[in-house]
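Undergrad: Protein chains in written order, with our numbering: chain R, -18 to 316; chain V, 29 to 356; chain S, 10 to 334.
Derived from the structure by calculation, the hints contain no laboratory data.
Just so you know, these numbers come straight off a predicted model, no measurement behind them.
Even glycine gets a Cβ: it sits at the ideal position worked out from N, Cα and C.
Covered stretches of chain R (chain S as the covering partner; in silico rule of three or more C-beta atoms under 8 Å from a C-beta of chain S): (1) 156 to 166; (2) 253 to 265; (3) 270 to 278; (4) 285 to 299.
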Amino acid sequence: MQDAPEQFETPPASLPRTAQQPPARLTPAAAEPSRLRRFLDSDLLHSFLRSKLVVLAAILTTLLVGAAFLAPVIAPHNPYDLKSLSLLDSNLPPMWEQGGEPGYPLGTDDQGRDILSTILYGTRASILIGLASVLLAIAIGLSAGLCAGYAGGRIDALIMRIADVQLTFPAILTALLIDGVAIAIFKTYDLDAAKFGILVVAIGLSFWVQYARTVRGVTLVERNKEYVQAARLIGISPFKIMFQHILPNVLSPVLVIATINLALAIITEATLSFLGVGLPATEPSLGTMIQIGNRYLFSGSWWMVAFPGLTLAVLALAVNLLGDWLRDALNPKLR
Amino acid sequence: MSQPVLSVRDLVVGFPTRRGVLTAVDGVSFDIAAGEVLGVVGESGAGKSLTGAAVIGLLEPPGQILGGSVHLEGKRIDTLEPEAMRRIRGRRIGMVFQDPLTSLNPLYRIGEQIVETIRTHAKVSSATASERAIDLLEEVGIKGARSRIHAYPHEFSGGMRQRVVLALALCAEPQLLIADEPTTALDVSIQAQIIALLKRLCRQRRTAVMLITHDMGVIAETADRVAVMYAGRIAEIGPIGDVLRQPRHPYTQGLMGAIPAVAGATATRLTQIPGSMPRLNAIPAGCAFNPRCPRAFDRCRRLRPEPITAGRTEAACWLLAHDAGVAS
Amino acid sequence: MLAFAIRRLLEAAIVMLTVALLAFVLFRFVGDPVNQMVGQDTSLEDRMRLREELGLNDAVIVQFARFVAGAASFDFGISYQMKQPVTAIIAERAPATIELALVAALFAVSLGIPMGVYTGIHRDSWLSRVFLAVSLIGISLPTFLIGIFLIYVFAVKLGVLPSFGRGEVVRFGFWRTGLLTASGLKALILPAITLGLFQMTLVTRLVRAEMLEVLRTDYIKFARARGLSKRAINFGHALKNTLVPVITVIGLQLGAVIAFAIITETVFQWPGMGLMFIQAVQNADIPVMAAYLMLVAFLFVLINFLVDLLYVRVDPRIRIYGRGA
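Isolated chain R, as found in the complex (with noise of 0.2 Å):
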């Protein structure tokens, strides 16, 4: 329904009042609440609390990030410390089948690593890429967006193209190109060293389109508001302008595309992994893990795949559903 039209406004001086005070509204003066009490109050939080699934992926969430990172304090061996390895323990099953040891505790793969410590530093691998190239792709996204919204015409074009260009192509696709590439032009050099730094530019590049078209379309709204027309007047450098001005405006939504993001980066390093192109086997991640034990599936060695894939299958389970309850959680159409 349309508004109605403007036809009650304050009240010139000469208008006679009896009412003692007309508030518009009738709750009593009380002190601003306090943001946590706000916070507290808040639709988000009660829809994030009501629903108990939600909350079971926050706690898992944090549960296997927090192992993650304090892998180097908790797990029981190292696994990248190649002089440690004794091919006499490889082949290990779990410790509570025969044949386990409980020095071991979800056995050991082909060359003698422990699977426990192998998962929560292939873990805590995986999500620092992931993290990482979320991080490059907001970066070149946000530029990106910015310029061409803010700047319009040929530079817009030409981003756009650029844009649509990648987009034909899948982001697993275009990720694998550059690794291939990477590993093609990096052959001769020590590969493994360079593989995270290659991956995180792999999987940012295929991502930053996404925030570079939502940060466009905000940006463009935006340019036309006066507040950018007068920073314009004044003489504010365009540069100070989108990124102080438009900026604070845009970040909503890519926080948004950010979380939903993770999660696939995450799947994208695991499967690039087990594709044979990712993080290789002497620093593996989930996925390289899930690649080597998929040789022995057939042999009974089961726990080579398993014990990564269910770890894997639970955080990508517990992200997605996290981005998945914010993002219905922001959307202004659903409240």
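Given chain R, put chains V and S in place with the hints provided.
TA: Structure of chains V and S alone, referenced to chain R:
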């Protein structure tokens, strides 16, 4: 005197929320006789549309009817089973909405949409229904109806579309038509045409009309009686001439004073009512209008006023009570 | 309509050229073509001669033009790894991927649309919750994990379905199909489900979201106000309005399916283009990578174009305005 087509008594519509119930329509009562046009006027948020939605049984959840009754031709309808209510919709109560563009399904030809509606309520062949549809389109003023029947909604202009919408709402010959802001989305020049069409169609069929709008001008043109709503309650209800010339409720007086008059000797200042309509969670105790009323006194702030008869109108205002002169 | 088609063709051509440029840069400048092709003990003169023969000393523009001409006639050079013409390799592998992709897409759509419609209409029923839970799992879990899980259950534990390969195939010219043999069909089941599951969940969510959106529109409200039956509203009006935008998205998804086949083919050792591409990446086999890139880009562009035409055909608003414009 024959019974009214529509009879609403003490209707209460509310929204249960986490923090309590928000009452949007609070004890509304009115009748509409056959062939009569009742204008329901008020600001946005006064509860007019919700009242209309409640009568036809299309309240969007979590809104629901929390009290009162709705009778159609003597029979109660607000407690009917959903399937029974569905049969009443279209057949005995029709409704048109504000925006004719979004009211029509863009993927179906308008002939298909009319024929479908007719055949939902009457067992006729599609050929008969098509003929009927063509007749209807001609009646609402669409030229070349026989070929236009195969057109899509976006091939019509705004005014034409609203005519099609009227045809759709009336094709099953309902006894009551609820029109929710039917002209608000139209150009001013088209508004007059649509209003005239509405009047003609309903007079011919003796259809009772509940005309919901915030535009007093439309009401003045079209309505026989008018109900002025404020904050979910009826402030004043009566024949249109009486309410226009001699409004009893201070709110209605404010509304009348705010209408610019072309004819009139001196240029008088438009009256302004201070403040704005209260939000649903902050409705004042007593009379809902009392904080903004220039003539409010103590009882207004304590007790909610009953409708009090003055001439042929009723107004919910303590000023009209016999002991109004005594300041309590 | 014609102007629209021409404009889209031009845009498609631009995209293809851009991709061709990328592929060419890869082809020519990443690693050294000559070094890839010869052994370590080839003399310097022989290398220089090879350079000249391959036209590597010509102007870059000329080389690019030659590359594009070659691509247009399906000539992408020789694979570094397999020492065979790339085109031959692709022709051998393509049928496997295309069959897999089509079956997976069929699975995704035939399950996804009904599930989406049901969860859109019956928002709070327990069956809807089950469907939504399944779709959440399908969209969260990585494809390879699902594939391995399916292999473990059906191949290792139950032993009813094969865990790798295509089974027996029947030849039709250069096309080898697995659809006509029992073992071929059995081998197709697990990979198709793995590949299609993600798409199915996307379709379900999309249809559901679109359905919910449509059910809130004014024309549905007006249809209710006219007393139309639930059936007429849900399946007559709402469904049609839901499917029109959804169909185009599903069409676009077909392209994504072909790309995601890379993962599924790796898990199941399915002898298709995806597996070929992964092996090329692992071995830095640039010609194969470049050729795959071009082929996939072409497929995507083609699908996009066809989907656009389809949308114009199906939505009367565009059809009628597009004609006059």
